[in-house]
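Student: One letter stands for each residue in the lines below.
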Amino acid sequence: MTWVLFRLTMRELMGQRRAVLMGLFGLLPVLLAAIGLLFGVEDTGHSTQQFAADELLGVLVVGMLLPLVALIFGTAALGSEIEDGTAVYILAKPVARWKVIASKVGAAWVATSAIVLTSTIVSGLMILAGEEQQGIVPAFSVAILAGGLAYVTVFVLLTAMTGRALIIGLGYVFIWEGVLTVFAPGAQLFSIREYVLGIADWLSSTSRGDFEAELAATTSLMMMAVVIVVGFVLAVRRLRSFEAGEQA
Amino acid sequence: MTTETGTAPVEVISASKWYGNVVAVNDISFELRPGITGLLGPNGAGKTTLLNMMAGFLRPSAGEVRVMGRAAWHNVEMYADIGLVPEREAVYPFLTGHEFVLLSAQLHGLPEPEHATRRALRAVEMTDAENRRTGGYSKGMKQRVKIAAAIVHDPDILLLDEPFNGADPRQRLQMMEMLQEMAAEGRTILFSSHILEEMERLGENVLVIVAGRLAASGDYREIRRLMTDRPHTFRLRTSDDRKFAGALLADESVTGLELGDEGLTVRTGAFSTFITVAPRIAKEQGVSILEIVPRDESLESVFEYLVSR
Chain A
1 MTWVLFRLTM
11 RELMGQRRAV
21 LMGLFGLLPV
31 LLAAIGLLFG
41 VEDTGHSTQQ
51 FAADELLGVL
61 VVGMLLPLVA
71 LIFGTAALGS
81 EIEDGTAVYI
91 LAKPVARWKV
101 IASKVGAAWV
111 ATSAIVLTST
121 IVSGLMILAG
131 EEQQGIVPAF
141 SVAILAGGLA
151 YVTVFVLLTA
161 MTGRALIIGL
171 GYVFIWEGVL
181 TVFAPGAQLF
191 SIREYVLGIA
201 DWLSSTSRGD
211 FEAELAATTS
221 LMMMAVVIVV
231 GFVLAVRRLR
241 SFEAGEQA
Chain B
1 MTTETGTAPV
11 EVISASKWYG
21 NVVAVNDISF
31 ELRPGITGLL
41 GPNGAGKTTL
51 LNMMAGFLRP
61 SAGEVRVMGR
71 AAWHNVEMYA
81 DIGLVPEREA
91 VYPFLTGHEF
101 VLLSAQLHGL
111 PEPEHATRRA
121 LRAVEMTDAE
131 NRRTGGYSKG
141 MKQRVKIAAA
151 IVHDPDILLL
161 DEPFNGADPR
171 QRLQMMEMLQ
181 EMAAEGRTIL
191 FSSHILEEME
201 RLGENVLVIV
211 AGRLAASGDY
221 REIRRLMTDR
231 PHTFRLRTSD
241 DRKFAGALLA
251 DESVTGLELG
261 DEGLTVRTGA
271 FSTFITVAPR
281 IAKEQGVSIL
291 EIVPRDESLE
301 SVFEYLVSR
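Going down the list, the protein sequences come from chains A and B. Heads up: the first sequence begins at 1 in my numbering, then just goes up one per residue. Heads up: the second sequence begins at 1 in my numbering, then just goes up one per residue.
Any given hint could turn out to be false.
Derived list of chain A stretches under chain B, where covered just means 3 residues or more per stretch with a C-beta under 8 angstroms from a C-beta of chain B [as the list claims (entries may be wrong)]:
hint : region
1    : 6-12
2    : 84-91
Calculated lysine to aspartate or glutamate pairs in the DMTMM-like style (CA-CA distance at most 25 angstroms, straight line) [to be verified]:
hint : chain 1 : residue 1 : chain 2 : residue 2
3    : B       : K243      : B       : D219
4    : B       : K283      : B       : E262
5    : A       : K99       : A       : D84
6    : B       : K139      : B       : E112
7    : B       : K283      : B       : E258
8    : B       : K283      : B       : D219
9    : A       : K99       : B       : E125
10   : A       : K99       : B       : E77
11   : A       : K99       : B       : E99
12   : A       : K99       : B       : E112
13   : B       : K283      : B       : E252
14   : B       : K139      : A       : E131
15   : B       : K243      : B       : E198
16   : B       : K243      : B       : E258
17   : B       : K139      : B       : E198
18   : A       : K99       : B       : D154
19   : B       : K139      : B       : D128
20   : B       : K139      : B       : E125
21   : B       : K139      : B       : E77
22   : A       : K99       : B       : E198
23   : B       : K139      : A       : D84
24   : B       : K139      : B       : D168
25   : B       : K243      : B       : E222
26   : B       : K243      : B       : E262
For each label pair, taking beta carbons as the anchor points, the in silico distance ranges come out as [said to hold, decoys possible]:
hint : chain 1 : residue 1 : chain 2 : residue 2 : range
27   : B       : R88       : A       : E42       : 56 to 64 angstroms
28   : B       : R88       : A       : V20       : 36 to 44 angstroms
29   : A       : R164      : B       : R133      : 26 to 34 angstroms
30   : B       : T127      : A       : A129      : 35 to 43 angstroms
31   : B       : Q174      : A       : W176      : 50 to 58 angstroms
32   : B       : N43       : A       : R11       : 30 to 38 angstroms
33   : B       : Q174      : A       : R164      : 24 to 32 angstroms
34   : B       : T127      : A       : V233      : 42 to 50 angstroms
35   : B       : P279      : A       : G163      : 55 to 63 angstroms
36   : A       : G163      : B       : T7        : 32 to 40 angstroms
37   : B       : N131      : A       : W176      : 43 to 51 angstroms
38   : A       : Q133      : B       : P111      : 49 to 57 angstroms
39   : A       : D84       : B       : P169      : 23 to 31 angstroms
Calculated directly from the structure, the hints in this document are not laboratory data. Cβ atoms here follow ideal geometry from the backbone N, Cα and C, with glycine treated the same way.
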């Protein structure tokens with residue numbers, strides 16, 4: 001990674017309206033936690049731990065906030081430069097392509113983590129205040145950090161491959177992870193969301209009834225590592241063969 | 001400057017580039033040596049495609065493009081020797097001019113990036129606006145800051161795609177002088193343009209590209225002469241068209257003539273001879289020339305002629 005490119009990408013990602021919008025999006029779990037605190041979660045028929053792990057963090061944060069924020073930052077990190085033609089200013093330099101990809105992935109990961117992790121910690125601690133913690137917040141925080149890296153790596157790869165990364169990414173998040181994994185359990189093996197839940201389940205000490213992931217910890221960890229490494233290598237290879245104007 | 005093995009800094013060897021059935025560049029060969037070379041051609045002729053192949057941003061479909069003796073494609077190291085000014089106007093709008101050039105200096109790993117940045121900005125006369133964001137720059141200012149970013153590392157080879165777009169005449173002249181100075185120091189400079197006059201001022205050597213093919217190459221004056229001496233068509237109105245037509249037919253510079261309601265249409269194969277002979281004949285015949293209008297002076301028609309030669 002080069003710090004020059006990392007800083008440039010961070011300015012690009014955080015200096016525009018998209019960062020404000022993502023920040024507002026990140027407030028949703030905090031809002032839900034506040035509502036839960038005000039009205040209590042007993043009426044939902046769930047324990048506070050189950051509500052925190054399964055619904056607030058499992059569904060809202062891991063199922064929606066994390067992939068969407070990662071999608072926006074991951075596709076913008078390299079995609080906006082390819083789209084407007086400024087990519088040539090970084091590619092026409094004697095900088096190894098792996099460093100370019102590492103800088104882009106790194107910046108998108110930090111931007112994603114800043115929003116999703118803050119939202120996770122604040123909303124999680126709010127809803128679990130005065131309750132038995134069961135390691136839920138730290139477990140989800142670590143899992144989300146790993147998941148964020150996997151998501152942004154995949155989305156940076158997509159932008160290096162196609163000008164339609166955003167559409168394909170949305171399809172992956174909503175159709176593959178949101179629908180297919182429910183009706184075709186085999187699809188869970190290729191779902192970053194399931195890896196995140198698998199790691200969170202492994203790290204937390206929630207009881208079986210409160211929160212249970214579909215994938216085992218070892219499978220989740222292994223697949224997550226494979227996605228990150230393979231995604232990174234493919235993105236570097238794709239960028240090495242990037243042709244000007246092909247996505248304009 | 002040549003490479004250690006004595007080869008030209010840039011070699012294009014039977015290079016072609018096609019997209020499906022569309023041929024953008026068709027079997028072009030040339031060498032770029034130190035000095036300024038102009039790449040001239042109408043819009044859509046393949047200039048940018050050719051430049052992108054030289055800059056390592058397009059893989060030739062056939063043939064080869066070599067920079068400093070090595071293939072340009074998949075050659076990241078060559079960018080230490082190359083400065084590139086792309087045609088597209090976009091620069092990072094949130095960076096100031098200074099930050100934009102500094103970014104380039106830092107990515108090149110220069111030992112004193114701040115010093116190199118100030119020097120490059122001075123060279124393009126952008127020091128006054130260096131602390132303003134590039135998003136607020138005019139097109140000409142963006143062009144100049146792009147050139148500053150391309151020369152910040154003192155490259156041996158400079159590739160510029162339509163570099164004078166949007167620059168006012170004074171800026172244009174200043175940039176041309178700067179490029180001439182760089183060429184005099186032994187650098188290899190290629191700039192593309194669709195404007196003939198820019199070639200006249202800068203291009204000692206010219207490559208003319210039309211419809212993806214190299215239509216002509218060599219000394220600018222020689223190409224200019226070819227362009228001048230191609231068949232020309234004029235429309236004339238005189239005080240006595242019929243009498244003047246009869247006298248013109250006897251002159252060997254005239255290859256064809258039509259007499260119509262709108263006057264005379266004259267075809268000549270020797271432009272320079274005709275424009276001196278016509279007034280003399282008119283004077284001898286006691287005819288006044290009221291109007292003389294060239295019919296085929298567009299750049300496209302000049303290019304078409306060069307291709308069909």
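Student: Which earlier hints turn out false for this structure, listed by number in ascending order?
Tutor: 3, 6, 8, 9, 14, 15, 21, 22, 25, 28, 30, 33
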